[in-house]
Amino acid sequence: TQLLEQSPQFLSIQEGENLTVYCNSSSVFSSLQWYRQEPGEGPVLLVTVVTGGEVKKLKRLTFQFGDARKDSSLHITAAQPGDTGLYLCAGADDSNYQLIWGAGTKLIIKP
Amino acid sequence: GAGVSQSPRYKVAKRGQDVALRCDPISGHVSLFWYQQALGQGPEFLTYFQNEAQLDKSGLPSDRFFAERPEGSVSTLKIQRTQQEDSAVYLCASSLGTVKLFFGSGTQLSVL
Numbered sequence: 044t045q046l047l048e049q050s051p052q053f054l055s056i057q058e059g060e061n062l063t064v065y066c067n068s069s070s071v072f073s074s075l076q077w078y079r080q081e082p083g084e085g086p087v088l089l090v091t092v093v094t095g096g097e098v099k100k101l102k103r104l105t106f107q108f109g110d111a112r113k114d115s116s117l118h119i120t121a122a123q124p125g126d127t128g129l130y131l132c133a134g135a136d137d138s139n140y141q142l143i144w145g146a147g148t149k150l151i152i153k154p
Numbered sequence: 003g004a005g006v007s008q009s010p011r012y013k014v015a016k017r018g019q020d021v022a023l024r025c026d027p028i029s030g031h032v033s034l035f036w037y038q039q040a041l042g043q044g045p046e047f048l049t050y051f052q053n054e055a056q057l058d059k060s061g062l063p064s065d066r067f068f069a070e071r072p073e074g075s076v077s078t079l080k081i082q083r084t085q086q087e088d089s090a091v092y093l094c095a096s097s098l099g100t101v102k103l104f105f106g107s108g109t110q111l112s113v114l
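Here the protein sequences come in this chain order: D and C. Per our numbering, the first sequence starts with residue 44, numbered consecutively. Per our numbering, the second sequence starts with residue 3, numbered consecutively.
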């Protein structure tokens, strides 16, 4: 059974601080996605990483896919209150349509 | 439409009632997914349609759950004889292919 473990489960920090959240698995994924979900809304896709070792930047957010394509990290620089939300990672397996989801990291940025 | 639309946004049902949840995907999107999301958890796969064909229903928790997409557009998730453990947010997502998903806002189902 493929599992994605996200850590930490919960993180509350002050505006302006940096943070990193992790998504780990013992399984290899063909690609991995990061989503942000706000209360009462569906997840919104932030990025897809495909190649082992790939790094993608989205403004203050930096996403990295592990060399072995089993893990990923999301680093946020100078966090802002608007970054508050549930960050979910999801891995695509060989079937190419079934996404394996982590339980998410709930992030709160305090002004 | 501009995005995936789900209705109703909230549904309260008495235990044993049947409910129907609707999903209007983005026009032209071939793939449609239903997910169940418990509070504080990631989405759990329920079922997948490619056009009108239901290609995978392995995630449906019991035979009380039924989904259809008869014309390859709008989809309905029906839950018969609802139980308290069915309480969750039900998310619909559509995609041109299968990987880049666009989610609706979900239907929050509470079974009393």
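Keep in mind the hints are simulated off the structure, nothing from the lab. Incorrect hints may have been included.
Straight-line alpha carbon distances no greater than 30 Å define the calculated BS3-like cross-link-like pairs of lysine-lysine that follow [to be verified]:
1) LYS102(D) / LYS113(D)
2) LYS80(C) / LYS102(C)
3) LYS99(D) / LYS153(D)
4) LYS13(C) / LYS59(C)
5) LYS99(D) / LYS149(D)
6) LYS16(C) / LYS113(D)
7) LYS100(D) / LYS149(D)
8) LYS100(D) / LYS16(C)
9) LYS102(C) / LYS100(D)
10) LYS113(D) / LYS80(C)
11) LYS113(D) / LYS149(D)
12) LYS13(C) / LYS113(D)
13) LYS80(C) / LYS99(D)
14) LYS80(C) / LYS13(C)
15) LYS113(D) / LYS99(D)
16) LYS102(C) / LYS102(D)
17) LYS102(D) / LYS153(D)
18) LYS16(C) / LYS59(C)
19) LYS102(C) / LYS13(C)
20) LYS16(C) / LYS102(C)
21) LYS102(C) / LYS59(C)
Evaluation of the provided hints:
1. Of the pairs offered as hints, the one joining LYS102(D) and LYS113(D) holds, with about 24 Å between alpha carbons and a cut-off of 30 Å not exceeded.
2. As the CA atoms of LYS80(C) and LYS102(C) are separated by approximately 25 Å, the hinted pair is consistent with the 30 Å bound.
3. Proximity of LYS99(D) to LYS153(D) is assessed by CA-CA distance (about 26 Å); at most 30 Å being required, the pair is judged to hold.
4. Restraint check for LYS13(C) and LYS59(C): the C-alpha separation of about 23 Å stays at or below 30 Å, so the hint holds.
5. Between LYS99(D) and LYS149(D) the alpha-carbon distance is near 22 Å, which keeps this suggested pair within the 30 Å criterion.
6. Between LYS16(C) and LYS113(D) the CA atoms are separated by roughly 43 Å; this puts the pair beyond 30 Å, and the hint is violated.
7. About 21 Å separates the Cα atoms of LYS100(D) and LYS149(D), which keeps this hinted pair within 30 Å; it holds.
8. Taking the CA atoms of LYS100(D) and LYS16(C), the gap is near 47 Å; set against the 30 Å cutoff, the hint is violated.
9. For the given pair, LYS102(C) sits about 18 Å from LYS100(D) by alpha-carbon distance, which is consistent with the 30 Å threshold.
10. Distance restraint check for LYS113(D) and LYS80(C): the Cα-Cα separation of roughly 36 Å exceeds the 30 Å cut-off, and the hinted pair is therefore not satisfied.
11. For the suggested pair LYS113(D) and LYS149(D), the alpha carbons sit about 22 Å apart, so the restraint of at most 30 Å is met.
12. For the given pair, LYS13(C) sits about 38 Å from LYS113(D) by alpha-carbon distance, which is inconsistent with the 30 Å threshold.
13. This hinted pair does not check out: LYS80(C) and LYS99(D) have alpha carbons roughly 40 Å apart, beyond 30 Å.
14. Restraint check: the Cα-Cα separation between LYS80(C) and LYS13(C) comes to about 13 Å, which is no more than 30 Å; the hinted pair holds.
15. The suggested pairing of LYS113(D) with LYS99(D) holds, with an alpha-carbon distance near 16 Å, which does not exceed 30 Å.
16. Among the hinted pairs, LYS102(C) with LYS102(D) is consistent with the structure: their alpha-carbon atoms are about 20 Å apart, no more than 30 Å.
17. For the proposed pair LYS102(D) and LYS153(D), the alpha carbon gap of about 20 Å is at most 30 Å, so the pair holds.
18. Pair hint LYS16(C) plus LYS59(C) holds up; C-alpha atoms about 26 Å apart against a cutoff of 30 Å.
19. Distance check on the hinted pair: LYS102(C) and LYS13(C) sit about 28 Å apart at the alpha-carbon level, within 30 Å; holds.
20. Distance hint between LYS16(C) and LYS102(C) is unfulfilled; the C-alpha atoms sit about 36 Å from each other, more than 30 Å.
21. A threshold of 30 Å between alpha carbons decides the hint, and for LYS102(C) with LYS59(C) the separation of about 20 Å falls inside it, so the pair holds.
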